[in-house]
Amino acid sequence: MQVRQMLLAGLLLLLLMAGAMMLVPNFTLAWVRSEIPWLSHLISRVEMLWPDVNTVHVLAFAVLGLLTRLALPRSRLSLIILAYLTFSVVAELLQFYIPGRTPMVTDVRDNMVGVALGLVAASVLCWVVRRVSRRVAEG
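Mapping of the sequence shown onto numbering that gives the first Met the number 0: residues 0 to 138, in sequence order.
What the hints contain is simulated information worked out from the structure, not anything from laboratory work.
The reader is advised that the hints may include incorrect statements.
As the list claims (entries may be wrong) - Quick list of the computed label-pair ranges, beta carbon to beta carbon: (1) Arg73 x Ala19: 25 to 31 angstroms; (2) Arg3 x Thr101: 36 to 42 angstroms; (3) Gln4 x Thr101: 34 to 40 angstroms; (4) Val88 x Asp51: 20 to 26 angstroms; (5) Leu124 x Leu14: 38 to 44 angstroms; (6) Arg130 x Gly99: 17 to 23 angstroms; (7) Arg108 x Asn25: 16 to 22 angstroms; (8) Val2 x Met103: 32 to 38 angstroms; (9) Gln1 x Glu34: 33 to 39 angstroms; (10) Gly138 x Leu93: 53 to 59 angstroms; (11) Met47 x Gln1: 18 to 24 angstroms; (12) Arg75 x Ala136: 24 to 30 angstroms; (13) Arg129 x Thr105: 34 to 40 angstroms; (14) Asn25 x Leu78: 29 to 35 angstroms.
Ideal Cβ positions, reconstructed from N, Cα and C, are used throughout, including at glycine.
The task is simple: from the sequences and hints, build the whole structure.
If you want it as structure tokens, here you go:
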């Protein structure tokens with residue numbers, strides 16, 4: 000399997016997971032955290048990094064932004080940003096209909112901050128790879 004296909008497969012899997020986690024009832028999330036203590040501990044540690052921001056959202060969407068840029072390098076940044084904005088807004092609006100969930104504008108904000116960080120990280124990573132490749136080719 001080529002690298003790009005693996006990145007696309009990973010991106011699709013993470014998008015499905017993110018969508019599922021944003022759309023399950025709170026009691027399901029609580030059950031998952033109680034059944035998988037190491038995951039609960041990891042989430043709690045991430046949440047403590049920046050208490051005023053939903054750091055789990057920022058981190059998850061940073062990974063999504065990074066993978067999207069690496070998997071789809073020719074895609075326009077504006078389309079990637081619009082796609083994630085739409086995904087975030089729709090997911091938050093659907094939470095009106097999910098028991099125990101509350102749609103929050105701050106979650107959309109945190110998702111978009113994460114996407115931006117992921118896109119920047121991907122750009123920096125690509126720049127470093129190009130620079131190193133050029134130096135290796137020059138000898």
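Evaluation of the provided hints:
1. One distance hint, 25 to 31 angstroms for the beta-carbon pair Arg73 and Ala19, holds here, with the actual separation near 28 angstroms.
2. The hint said 36 to 42 angstroms for the Cβ distance between Arg3 and Thr101, and at roughly 38 angstroms that hint holds.
3. Our hint of 34 to 40 angstroms for Gln4 and Thr101 holds, since their Cβ atoms are close to 38 angstroms apart.
4. At roughly 22 angstroms, the beta-carbon separation of Val88 and Asp51 lies within the given 20 to 26 angstroms, and the hint holds.
5. Checked against the hint of 38 to 44 angstroms, the C-beta distance between Leu124 and Leu14 comes to roughly 20 angstroms, which is inconsistent with it.
6. Look at Arg130 against Gly99: about 49 angstroms separates their beta carbons, and that is not inside 17 to 23 angstroms.
7. A hinted range of 16 to 22 angstroms for the beta carbons of Arg108 and Asn25 is consistent with their spacing of about 21 angstroms.
8. Under the hint 32 to 38 angstroms, the C-beta atoms of Val2 and Met103, about 36 angstroms apart, fit the expected range.
9. Remark: the range hint 33 to 39 angstroms for Gln1 to Glu34 is upheld by a beta-carbon distance near 36 angstroms.
10. For the pair Gly138 and Leu93, the supplied restraint of 53 to 59 angstroms holds, since their beta-carbon distance comes to about 56 angstroms.
11. The hint said 18 to 24 angstroms for the Cβ distance between Met47 and Gln1, and at roughly 39 angstroms that hint is violated.
12. In this structure the hint that Arg75 and Ala136 lie 24 to 30 angstroms apart at CB holds, the actual value being about 29 angstroms.
13. As the Cβ distance of Arg129 to Thr105 is approximately 36 angstroms, the hint placing it in 34 to 40 angstroms holds.
14. Restraint check, Asn25 to Leu78: a C-beta distance of roughly 33 angstroms satisfies the suggested window 29 to 35 angstroms.
In terms of the numbered hints stated before, the structure departs from hints 5, 6, 11, listed from lowest to highest.
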